[in-house]
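S.K.: Fit the two chains together into the complex; they arrive one by one in their own frames, and the hints show the way.
Letter by letter, the chains look like this.
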Amino acid sequence: MELETILFYFFAALTGCSVLFVAITKNILYAAFALILTFIGVAGLFVFLGAEFIAITQILVYVGGILILLVFGVMFTQRLKGQRVQTGRYQLLLGFLTASGLLGLLIQTIHKGSFSQLPWVDQEHTQQVELSSFGLSLMTDYVLAFEVIGILLLLALIGAVRVAGNARKEGADAA
Amino acid sequence: MYAFLFFLNFLLVYTVFAVYAERKISAFIQDRYGPMETGYYGLLQTVADLLKLIQKEDIVPLKADRKLFKPAPVIIFTAVFAGFAVLPLTSGFSGSSAQIGIFYLLAIVSLDVVGILMAGWGSNSKYALWGAMRSVAQIISYEIPLGLMVVCVVLIAQTLNLQEITYQQGIWWGHQKAEAANYLFGIKALGIETTHIGGVLTWNIMRSPLLLIGFVIFFIASLAESNRAPFDIPEAESELVAGFHVEYSGFRWSMIMLAEYGMMLLVAFLASILFLGGWNSPFPNIGGVRLAEWTSGIPGTWPGHLWGAFWMISKALFLVAVQMWIRWTYPRLRLDQLMSLSWKYLTPASILLVLLCAVWRLLML
Numbered sequence: 001m002e003l004e005t006i007l008f009y010f011f012a013a014l015t016g017c018s019v020l021f022v023a024i025t026k027n028i029l030y031a032a033f034a035l036i037l038t039f040i041g042v043a044g045l046f047v048f049l050g051a052e053f054i055a056i057t058q059i060l061v062y063v064g065g066i067l068i069l070l071v072f073g074v075m076f077t078q079r080l081k082g083q084r085v086q087t088g089r090y091q092l093l094l095g096f097l098t099a100s101g102l103l104g105l106l107i108q109t110i111h112k113g114s115f116s117q118l119p120w121v122d123q124e125h126t127q128q129v130e131l132s133s134f135g136l137s138l139m140t141d142y143v144l145a146f147e148v149i150g151i152l153l154l155l156a157l158i159g160a161v162r163v164a165g166n167a168r169k170e171g172a173d174a175a
Numbered sequence: 001m002y003a004f005l006f007f008l009n010f011l012l013v014y015t016v017f018a019v020y021a022e023r024k025i026s027a028f029i030q031d032r033y034g035p036m037e038t039g040y041y042g043l044l045q046t047v048a049d050l051l052k053l054i055q056k057e058d059i060v061p062l063k064a065d066r067k068l069f070k071p072a073p074v075i076i077f078t079a080v081f082a083g084f085a086v087l088p089l090t091s092g093f094s095g096s097s098a099q100i101g102i103f104y105l106l107a108i109v110s111l112d113v114v115g116i117l118m119a120g121w122g123s124n125s126k127y128a129l130w131g132a133m134r135s136v137a138q139i140i141s142y143e144i145p146l147g148l149m150v151v152c153v154v155l156i157a158q159t160l161n162l163q164e165i166t167y168q169q170g171i172w173w174g175h176q177k178a179e180a181a182n183y184l185f186g187i188k189a190l191g192i193e194t195t196h197i198g199g200v201l202t203w204n205i206m207r208s209p210l211l212l213i214g215f216v217i218f219f220i221a222s223l224a225e226s227n228r229a230p231f232d233i234p235e236a237e238s239e240l241v242a243g244f245h246v247e248y249s250g251f252r253w254s255m256i257m258l259a260e261y262g263m264m265l266l267v268a269f270l271a272s273i274l275f276l277g278g279w280n281s282p283f284p285n286i287g288g289v290r291l292a293e294w295t296s297g298i299p300g301t302w303p304g305h306l307w308g309a310f311w312m313i314s315k316a317l318f319l320v321a322v323q324m325w326i327r328w329t330y331p332r333l334r335l336d337q338l339m340s341l342s343w344k345y346l347t348p349a350s351i352l353l354v355l356l357c358a359v360w361r362l363l364m365l
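So the sequences go chain by chain: A and B. Under the working numbering, the residue at position 70 of the first sequence is numbered 70, and the numbers go up by one with no gaps. Under the working numbering, the residue at position 256 of the second sequence is numbered 256, and the numbers go up by one with no gaps.
Extracted from the complex, chain B is given alone in its bound form (with noise of 0.2 angstroms):
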């Protein structure tokens, strides 16, 4: 209930300033100021178009489909909220700790799927569906080798819990097992013991070096996954005015860019957890200084809390930025490209990828 209450909270006042950030990197990036009227340094652009939006007509087109056309900003934010649940915020907080955590993740966030074309079919316009059906086909191609990435690095971490998931990759991952031991790069030849040393070594992106290519197929699938560029071509500005919600307004628009926007929350957050050490401190014990355990409290108790909490969020939230940062440099990717680079290179790629991963497996035992 508390992971909730926290979640939805959160998700409302990141997406206020994730608005406000896009705008500025955007601008920076540009080479021009961006919002600068409302409040100091513009901060506050984002709640004045906030209580803009709040209080505009609702308008539902006349030939639209009401009954498809009013729930789906609904079912879409859902599905992405309902991916919140099994998230680890810290070593004692998170809503469910459901053994199948990851699992649950994968399905319920596909059900935005659901409301995307609700919306688009539902918009009675040609636009909307074309829109749609660029952004299902998209997100469907993507979550292939979005899922065969997770596959991996549930082959190396053998549970699909997420906060097990995060245990195992720092220094306090004896408190919730007896006999945990970390291994540099994995490999228990080599005789390094990181389980005491924790920090960016025991991540696992370094417990398995090859979940650093992992890591990185599944930012790009993310991207598309969260219809970001270079990934936007669902709402190319330039061809289709804004994709399937295109005649959404008011508060229900409102909604689908909180879904959004709390879809880009959820994958950064996915993947800090699955291959940046989620609550984990990055700072390893060196000997005597004993930075990780300076950097992280005891599982369980207030000082580790807000530590976890503290890095789990900071996490996050730069890969946010390096999302946004990606939107605004890169090109567009045209609709035969986009579904090349998912099913003739990243999905080749993430089979092989988990190959290679079950060996490592062997290799850590």
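Chain A with its partners taken away, still in its complex shape (with noise of 0.2 angstroms):
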């Protein structure tokens, strides 16, 4: 086999263990460092599909942004509490069925669609994409969406700062 596709497997079973882990696992912490696993998983997968920015952003933004806070969160309740957070298992019967639910849906579609066969998967996986025309596509064609998610991400800046500002009242008094 080449190095390759041994990279591919090992990337795909990293994410495929890590999940299973992350849904098994009663310690909420433990599920949380392991989906950190996950997403370096997904952006190895990712590579492979040519998508080098987009796996790169995946780990800037997951892993150092939103998993590192989940971690934190994780570990400022614990200390409140002083006793371990623990999940339980609820609704087992329904979950297992939604659950294989969904998944005979998705083998079913990607079997319909059958990617290999379609031409531009081919044509896609030969061409470099040049990263300035990335970044130009993404300031002309996309621009709206692009500066709408900027405003959306001021917003959620804007209101975090009033949710942890200091209105409280003993902040005031001791300022």
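Think of the hints as simulated: they come from the structure by calculation, not from any bench. Each residue gets a CB set at the ideal place from its N, CA and C atoms; glycine is no exception. Any given hint might turn out to be false.
Listed next, the in silico BS3-like pairs over lysine-lysine satisfying Cα-Cα at most 30 angstroms (straight line) [said to hold, decoys possible]: (1) K70(B) x K26(A); (2) K126(B) x K63(B); (3) K24(B) x K56(B); (4) K70(B) x K56(B); (5) K126(B) x K56(B); (6) K56(B) x K67(B); (7) K24(B) x K52(B); (8) K67(B) x K26(A); (9) K26(A) x K63(B); (10) K126(B) x K26(A).
Partner residues are not named here, just some residues of chain A that face chain B (Cβ under 10 angstroms, in silico) [stated by the list, open to error]: (11) E52; (12) V63; (13) I68.
M.R.: Next up, the structure:
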């Protein structure tokens, strides 16, 4: 086997195993750390799809940002209550039915779509995407969506400052 | 592959002598001798320390979370070392020439936060936990000015590839791109072409003098990123004993130290690539005195590689020395001062600088 194929299966296995661990483990903190592995595995798969930029953004945003906050949150709640935060298993039958139904649906659709037969998949795979052209299309063709996301993030920032800000009475008294 | 082997060995040797240098520099700043006993002038002190460390017992506290405690140092070091993959050491010697170079580096280095959290939490000790919390809060906060300064450089350089960024800052840009032309301060209207003068005049801090301020902000933020004084509140000895790695001993502890010194070297390399010309010579060609050509070989040839590696490593080591100098001359910032420096001063200044750099880029057209 080629090195590339081995690496592909490695990342696929990493993603699969860590996701399974997230679902099974009862310890929330372990689940959060396993989710990091999942995101790294998915980032690796993105690289194989020729989407380097998406892969790195995935790591920067999800691992470097969101998951760290998640772990922080878990740590603080664990500290406050003085007991371990654990997840229970609820609605086993219903959950199993929903998940297997969704899996069946996905398998059927993917099978029908037969992606490997589509001509553009092979074409896209061979040509290297130029990063500057990606940036240009982001600032021209998709500029509206780009700006809307920017405004949304700005709103979220202002909201976060408002929520965390020095608005409580004891804070104002101290200052 | 060669780059991997080179950087790994270089990092190990560098760390041994950086620890020695740290102790000597601190000693001279505090008017004492430092290590003098082992080897000539104490040169082998760190080697002896290292031998002792490797032999030490690997202690895992009884109540520690073993699954998080044990792999944490490996993750911290791997995250830092992975950053070296895209650094161009010379004109033709680098691990990966990925288009997204600098973006990859910032992302992968931010993974060391995960290792720090695992170490702090897994130790099951209040000192370690507080150390980890402070460290992570600090790293995340200072990543913003650091990232924005990188954005400034990318705005001027128009590429994320570190090798291309380096080529632009010297006399050999023409080898890579036919229509390459540098102007004094980047302004074409001045009409002074510096492409063949090279040297310090084509470094990014001169291609756009705004980046001189950018370099200062980048350097401050990079000190915080590597948890160095004056931003060493995460391991403030007087309050937290040693921060997130207080429970570690022996080999695992030395791995965390290796990661810390590796981080210092990484940010020093990065600062010299982004702002100080990377592997390009600092001397300009002045008329018939071809200083720049004499002190740098043609890319791809042996002299080119040797001169490139020499300048690159000298610049990085110089910046590391400055980091040490700052550590032993400035007092530590309090936690709230640390946060307000990042959020109230550096971040707004960085955002303003990004805007100004965009305007400057228009002048460069």
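S.K.: None of the hints should be skipped; say for each whether it holds.
M.R.: Each hint, compared with the structure:
A hinted pair counts as satisfied when its Cα atoms are at most 30 angstroms apart, and K70(B) with K26(A) qualifies at roughly 20 angstroms. As the CA atoms of K126(B) and K63(B) are separated by approximately 12 angstroms, the hinted pair is consistent with the 30 angstroms bound. With a C-alpha separation of about 25 angstroms, the suggested pairing of K24(B) with K56(B) holds against the 30 angstroms cut-off. For the hint pairing K70(B) with K56(B), the CA-to-CA distance comes to about 16 angstroms; that is within 30 angstroms, so the pair holds.
Distance check on the hinted pair: K126(B) and K56(B) sit about 24 angstroms apart at the alpha-carbon level, within 30 angstroms; holds. Distance hint between K56(B) and K67(B) is fulfilled; the C-alpha atoms sit about 21 angstroms from each other, no more than 30 angstroms. Using a Cα cut-off of 30 angstroms, the hinted pair K24(B) and K52(B) holds, with the two alpha carbons roughly 20 angstroms apart. Of the pairs offered as hints, the one joining K67(B) and K26(A) holds, with about 14 angstroms between alpha carbons and a cut-off of 30 angstroms not exceeded.
Simply put, K26(A) and K63(B) have alpha-carbon atoms about 19 angstroms apart, close enough for the 30 angstroms limit, and the pair holds. The suggested pairing of K126(B) with K26(A) holds, with an alpha-carbon distance near 24 angstroms, which does not exceed 30 angstroms. Restraint check, E52(A) versus chain B: the minimum CB separation of about 5 angstroms is within 10 angstroms; hint holds. Annotation: interface hint on V63(A) holds; nearest CB of chain B at approximately 6 angstroms, less than 10 angstroms.
Look at I68(A): its Cβ gets to within about 6 angstroms of chain B, closer than 10 angstroms, so that hint holds up.
Hint compliance for this structure: every hint is met.
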